[in-house]
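From first to last, the protein sequence lines are chains S and V. My numbering puts the first residue of the first sequence at 9, with every later residue one more than the last. My numbering puts the first residue of the second sequence at 2, with every later residue one more than the last.
Please keep in mind that the hints were generated in silico from the structure rather than gathered at the bench. Heads up, some of the hints might be wrong.
[Unchecked claim] Listed next, the in silico SDA-like pairs over lysine to any residue satisfying Cα-Cα at most 25 Å (straight line):
| id | chain 1 | residue 1 | chain 2 | residue 2 |
| --- | --- | --- | --- | --- |
| 1 | V | K43 | S | R106 |
| 2 | V | K43 | S | T35 |
| 3 | V | K79 | S | E37 |
| 4 | S | K78 | S | G93 |
| 5 | V | K43 | S | Q65 |
| 6 | V | K58 | S | L92 |
| 7 | V | K43 | S | R51 |
| 8 | V | K58 | S | Y33 |
| 9 | S | K78 | S | Q22 |
| 10 | V | K58 | S | F72 |
| 11 | V | K58 | S | E37 |
| 12 | V | K43 | S | D34 |
| 13 | S | K63 | S | G93 |
| 14 | S | K86 | V | K43 |
| 15 | V | K43 | S | Y41 |
| 16 | V | K84 | S | Q65 |
| 17 | V | K58 | S | Q10 |
| 18 | V | K58 | S | G93 |
| 19 | S | K78 | V | E86 |
| 20 | S | K78 | S | Q65 |
| 21 | S | K81 | V | K43 |
| 22 | V | K43 | S | Q64 |
| 23 | S | K78 | S | R51 |
| 24 | V | K43 | V | I55 |
| 25 | V | K84 | S | Y62 |
| 26 | V | K58 | V | E86 |
| 27 | V | K43 | S | G93 |
| 28 | V | K58 | S | D34 |
| 29 | S | K86 | V | S82 |
| 30 | V | K43 | S | L92 |
| 31 | V | K58 | S | V125 |
| 32 | S | K81 | S | R58 |
| 33 | S | K81 | S | S50 |
| 34 | V | K43 | S | A9 |
| 35 | V | K79 | S | K86 |
| 36 | V | K84 | V | T98 |
[Unchecked claim] Label-pair distances were calculated between CB atoms; the ranges are:
| id | chain 1 | residue 1 | chain 2 | residue 2 | range |
| --- | --- | --- | --- | --- | --- |
| 37 | S | R71 | V | S10 | 28 to 36 Å |
| 38 | V | N101 | S | R71 | 20 to 28 Å |
| 39 | V | P9 | S | F72 | 31 to 39 Å |
| 40 | S | Q77 | V | T6 | 35 to 43 Å |
Glycine residues also receive a C-beta, built at the ideal position from the N, C-alpha and C atoms.
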Amino acid sequence: AQTVTQSQPEMSVQEAETVTLSCTYDTSESDYYLFWYKQPPSRQMILVIRQEAYKQQNATENRFSVNFQKAAKSFSLKISDSQLGDAAMYFCAYRSARAGGTSYGKLTFGQGTILTVHP
Amino acid sequence: EPEVTQTPSHQVTQMGQEVILRCVPISNHLYFYWYRQILGQKVEFLVSFYNNEISEKSEIFDDQFSVERPDGSNFTLKIRSTKLEDSAMYFCASTGTGDNEQFFGPGTRLTVL
């Protein structure tokens, strides 16, 4: 079974600074997807960024980028120019790319990291 | 923009009562999911549903839980006899064919007294 670990329960950053959230995962599969979700106080789950394991290039979405290290099974999220609206719980998630079988489709989440942004 | 909707936003029930949580997935999606998040904890997979049957379920999804797609639009999660530990946020999600993103609804907060 796949597992996802976020070792930082809480992180803080000054507005306009950069912060990196860590995530490691364990899998025996070679093809999969990785995601970062943001959960603000409203508790809505919002997709921030995704990475396909077969792509070597790190995904980027505006101020959000990832550092995907497949061999190390590491998937960190970097938030540049942090804004007050970035304050939220962030979850790393894994999904198998294998069609069919018993694990197709479900997301496996890490424990989450609470990000605080200081003005 | 299409979105997943869930009703009610908050459900309060007495222990032992049955509850039905409702979801309307995005209309052309084929894969449906329920997740649970106990307050302050991580989001946990409950069940996935495709082609009118369960494709996978977790250990949490025991005989007290059931899912149904009663018509072409709704996707429901039923808890037959609620326990205190069922108090959580329940999220519905859906995805389309070939799409690797799951779209989440806003969640239903279930409180069992």
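Against the structure, the hints come out as follows:
1. At most 25 Å may separate the alpha-carbon atoms for a hinted pair to count; K43 (chain V) and R106 (chain S) meet this at roughly 24 Å.
2. A threshold of 25 Å between alpha carbons decides the hint, and for K43 (chain V) with T35 (chain S) the separation of about 19 Å falls inside it, so the pair holds.
3. Distance restraint check for K79 (chain V) and E37 (chain S): the Cα-Cα separation of roughly 33 Å exceeds the 25 Å cut-off, and the hinted pair is therefore not satisfied.
4. Simply put, K78 (chain S) and G93 (chain S) have alpha-carbon atoms about 30 Å apart, too far for the 25 Å limit, and the pair is violated.
5. For the proposed pair K43 (chain V) and Q65 (chain S), the alpha carbon gap of about 28 Å is over 25 Å, so the pair is violated.
6. Pair hint K58 (chain V) plus L92 (chain S) does not hold up; C-alpha atoms about 38 Å apart against a cutoff of 25 Å.
7. Distance check on the hinted pair: K43 (chain V) and R51 (chain S) sit about 12 Å apart at the alpha-carbon level, within 25 Å; holds.
8. For the suggested pair K58 (chain V) and Y33 (chain S), the alpha carbons sit about 21 Å apart, so the restraint of at most 25 Å is met.
9. For the proposed pair K78 (chain S) and Q22 (chain S), the alpha carbon gap of about 30 Å is over 25 Å, so the pair is violated.
10. With a C-alpha separation of about 33 Å, the suggested pairing of K58 (chain V) with F72 (chain S) is violated against the 25 Å cut-off.
11. With a C-alpha separation of about 20 Å, the suggested pairing of K58 (chain V) with E37 (chain S) holds against the 25 Å cut-off.
12. Restraint check: the Cα-Cα separation between K43 (chain V) and D34 (chain S) comes to about 17 Å, which is no more than 25 Å; the hinted pair holds.
13. For the suggested pair K63 (chain S) and G93 (chain S), the alpha carbons sit about 30 Å apart, so the restraint of at most 25 Å is broken.
14. Proposed proximity of K86 (chain S) and K43 (chain V) is supported: the alpha carbons are some 21 Å apart, at most 25 Å.
15. The straight-line distance between the Cα atoms of K43 (chain V) and Y41 (chain S) is roughly 19 Å, inside the 25 Å bound, and the hint therefore holds.
16. Of the supplied pair hints, the one linking K84 (chain V) and Q65 (chain S) is violated, its CA atoms being roughly 46 Å apart against a limit of 25 Å.
17. For a cut-off of 25 Å, the pair hint linking K58 (chain V) to Q10 (chain S) stands: about 15 Å separates their Cα positions.
18. With a C-alpha separation of about 35 Å, the suggested pair K58 (chain V) and G93 (chain S) falls outside the 25 Å cut-off, and the hint is violated.
19. At roughly 37 Å between alpha-carbon atoms, K78 (chain S) and E86 (chain V) are farther apart than 25 Å, so this suggested pair is violated.
20. Among the hinted pairs, K78 (chain S) with Q65 (chain S) is consistent with the structure: their alpha-carbon atoms are about 11 Å apart, no more than 25 Å.
21. Only pairs whose Cα atoms come within 25 Å are accepted, and K81 (chain S) paired with K43 (chain V) is accepted, the gap being roughly 20 Å.
22. The straight-line distance between the Cα atoms of K43 (chain V) and Q64 (chain S) is roughly 28 Å, outside the 25 Å bound, and the hint therefore fails.
23. About 30 Å separates the Cα atoms of K78 (chain S) and R51 (chain S), which puts this hinted pair outside 25 Å; it is violated.
24. A distance of roughly 23 Å separates the Cα atoms of K43 (chain V) and I55 (chain V); the hinted pair therefore holds under the 25 Å criterion.
25. With a C-alpha separation of about 43 Å, the suggested pair K84 (chain V) and Y62 (chain S) falls outside the 25 Å cut-off, and the hint is violated.
26. Distance hint between K58 (chain V) and E86 (chain V) is fulfilled; the C-alpha atoms sit about 18 Å from each other, no more than 25 Å.
27. This hinted pair checks out: K43 (chain V) and G93 (chain S) have alpha carbons roughly 21 Å apart, not beyond 25 Å.
28. Taken as a hint, the K58 (chain V) and D34 (chain S) pair is honoured in the structure, with Cα atoms around 20 Å apart against an allowance of 25 Å.
29. Note on K86 (chain S) and S82 (chain V): the hinted pairing is violated, with a Cα-Cα distance of about 44 Å set against a maximum of 25 Å.
30. At most 25 Å may separate the alpha-carbon atoms for a hinted pair to count; K43 (chain V) and L92 (chain S) meet this at roughly 23 Å.
31. Among the hinted pairs, K58 (chain V) with V125 (chain S) is inconsistent with the structure: their alpha-carbon atoms are about 37 Å apart, more than 25 Å.
32. The straight-line distance between the Cα atoms of K81 (chain S) and R58 (chain S) is roughly 15 Å, inside the 25 Å bound, and the hint therefore holds.
33. The straight-line distance between the Cα atoms of K81 (chain S) and S50 (chain S) is roughly 31 Å, outside the 25 Å bound, and the hint therefore fails.
34. At most 25 Å may separate the alpha-carbon atoms for a hinted pair to count; K43 (chain V) and A9 (chain S) meet this at roughly 17 Å.
35. Proposed proximity of K79 (chain V) and K86 (chain S) is contradicted: the alpha carbons are some 39 Å apart, above 25 Å.
36. Restraint check for K84 (chain V) and T98 (chain V): not satisfied, since their Cα atoms lie roughly 35 Å apart, outside the 25 Å limit.
37. For the hinted restraint 28 to 36 Å between R71 (chain S) and S10 (chain V), the CB-CB distance of approximately 30 Å keeps it satisfied.
38. Between N101 (chain V) and R71 (chain S) the C-beta distance comes to about 22 Å, which sits within the given range of 20 to 28 Å.
39. The hinted range of 31 to 39 Å is satisfied by P9 (chain V) and F72 (chain S), whose Cβ atoms lie roughly 33 Å apart.
40. Here the CB-CB span from Q77 (chain S) to T6 (chain V) is close to 38 Å, well matched to the stated 35 to 43 Å.
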